[in-house]
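> Go ahead and model the full structure; you've got the sequences and the hints to work with.
Under the UniProt record's numbering, the sequence shown is numbered contiguously, ending at residue 291.
Please keep in mind that the hints were generated in silico from the structure rather than gathered at the bench.
Where hints are given, some of them may not hold.
Once the Cα atoms are required to be at most 27 Å apart in a straight line, the calculated DSSO-like pairs of lysine-lysine come out as [stated by the list, open to error]:
| id | residue 1 | residue 2 |
| --- | --- | --- |
| 1 | 275 | 203 |
| 2 | 38 | 56 |
| 3 | 275 | 255 |
| 4 | 229 | 275 |
| 5 | 229 | 110 |
Now the in silico label distances, taken between C-beta atoms and shown as ranges [to be verified]:
| id | residue 1 | residue 2 | range |
| --- | --- | --- | --- |
| 6 | 170 | 37 | 27 to 37 Å |
| 7 | 282 | 156 | 44 to 54 Å |
| 8 | 36 | 58 | 19 to 29 Å |
| 9 | 107 | 67 | 33 to 43 Å |
| 10 | 264 | 107 | 25 to 35 Å |
| 11 | 189 | 36 | 15 to 25 Å |
| 12 | 156 | 277 | 43 to 53 Å |
Glycine included, each C-beta is placed from N, C-alpha and C at the ideal position.
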Amino acid sequence: MMKKQAFHTYQLQEYPDNSTAKGGFYMIRLRDLIRQIKTIDQPHAHSFHLLLYLWKGSGTHTIDGQTYCVTPPQLYFLTPGQVHGWSLTDDTEGYLLFFEAAFFQARYPKRLFDYTFFRADRTTSLLTLSADARRVPTLFDWAYQAFILPHTQHTEVFASLLHLLLEQVSDLYDQANPTCQLNRSSLVNRFVELLDTQFIHQKTCASYAGQLGISPNYLNHCCRQQMGKTASQLIYDRLLAEIGRLLLNTDLPIKAVSYAVGFSDSAYFSRFVHKHTGQTPQQFRQQADNR
Numbered sequence: 001m002m003k004k005q006a007f008h009t010y011q012l013q014e015y016p017d018n019s020t021a022k023g024g025f026y027m028i029r030l031r032d033l034i035r036q037i038k039t040i041d042q043p044h045a046h047s048f049h050l051l052l053y054l055w056k057g058s059g060t061h062t063i064d065g066q067t068y069c070v071t072p073p074q075l076y077f078l079t080p081g082q083v084h085g086w087s088l089t090d091d092t093e094g095y096l097l098f099f100e101a102a103f104f105q106a107r108y109p110k111r112l113f114d115y116t117f118f119r120a121d122r123t124t125s126l127l128t129l130s131a132d133a134r135r136v137p138t139l140f141d142w143a144y145q146a147f148i149l150p151h152t153q154h155t156e157v158f159a160s161l162l163h164l165l166l167e168q169v170s171d172l173y174d175q176a177n178p179t180c181q182l183n184r185s186s187l188v189n190r191f192v193e194l195l196d197t198q199f200i201h202q203k204t205c206a207s208y209a210g211q212l213g214i215s216p217n218y219l220n221h222c223c224r225q226q227m228g229k230t231a232s233q234l235i236y237d238r239l240l241a242e243i244g245r246l247l248l249n250t251d252l253p254i255k256a257v258s259y260a261v262g263f264s265d266s267a268y269f270s271r272f273v274h275k276h277t278g279q280t281p282q283q284f285r286q287q288a289d290n291r
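Structure representation (structure tokens):
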């Protein structure tokens, strides 16, 4: 069996011709990225949000252990920390659009976490584009032209096109996935934001409720009402997603994985995984290797 290497987490500044990346956004054609970074098809993560638009080709694209068949035109959504890799035919064509949350939130401070396709509780990372989605390819083309042909308002033009693109795609995604549409309150949105950045060190409902100035019972009630799960269950789901990424994509010892997700006691970590998955960490890894 080939030894798995720990997956790399890319920062924007690592990409070719990255002068614009310092501003919090970046865009490149898929074929150019593959040519310039030879190992980019291997499992890796990102510290930023990502849109992958494919309009030609075939193959597979795997995100956090879930493999999708590439049948363009398709759009994939990834959030910071997700692990993905692909096996694509040589004729595959597409765009990759990257942006940091701070770049978007500086202009649209309350919108990013409203997009269903960027929520941790979304059911799929894929949107297959229908013939009615003609504006999406056009907006990607415009964004790419704005990126490669800088002018005095380069950043603001790109930000505006990104906003238009996300708004257009949001409608299409919610139409294709009606069960994902949730009218979440600002309180629950704030909890989800905190969870995504603090889950390794904050593992109790009470810790988040304290930051939000409410009781744990009320936070659990709001989450259950609006997301179908209690806050405690969402905390466990976020932890288990990260544990799965590390077990699936690295050869780190179980003890090292437990430390990486904030467990100081590896025996307690193993009990936690078994309680919530029905498998020990070793069994989870072995099952994944045997697929």
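> Decide, hint by hint, whether the structure agrees.
To see whether the hints hold, each was checked on the structure:
1. 275 - 203: holds (15 Å)
2. 38 - 56: holds (20 Å)
3. 275 - 255: holds (17 Å)
4. 229 - 275: Given pair residue 229, residue 275 holds - Cα atoms ~17 Å apart, limit 27 Å.
5. 229 - 110: Given pair residue 229, residue 110 holds - Cα atoms ~23 Å apart, limit 27 Å.
6. 170 - 37: 27 to 37 Å: Because 30 Å falls inside the window, the suggested range holds.
7. 282 - 156: 44 to 54 Å: Holds - the Cβ-Cβ distance for residue 282 and residue 156, about 51 Å, lies within 44 to 54 Å.
8. 36 - 58: 19 to 29 Å: holds (22 Å)
9. 107 - 67: 33 to 43 Å: For residue 67 against residue 107, whose Cβ atoms are near 35 Å apart, the range 33 to 43 Å holds.
10. 264 - 107: 25 to 35 Å: violated (40 Å)
11. 189 - 36: 15 to 25 Å: The hint (15 to 25 Å, Cβ to Cβ) is violated, given that residue 189 and residue 36 are roughly 37 Å apart.
12. 156 - 277: 43 to 53 Å: holds (46 Å)
This entry does not satisfy hints 10 and 11, going by the numbered hints stated previously.
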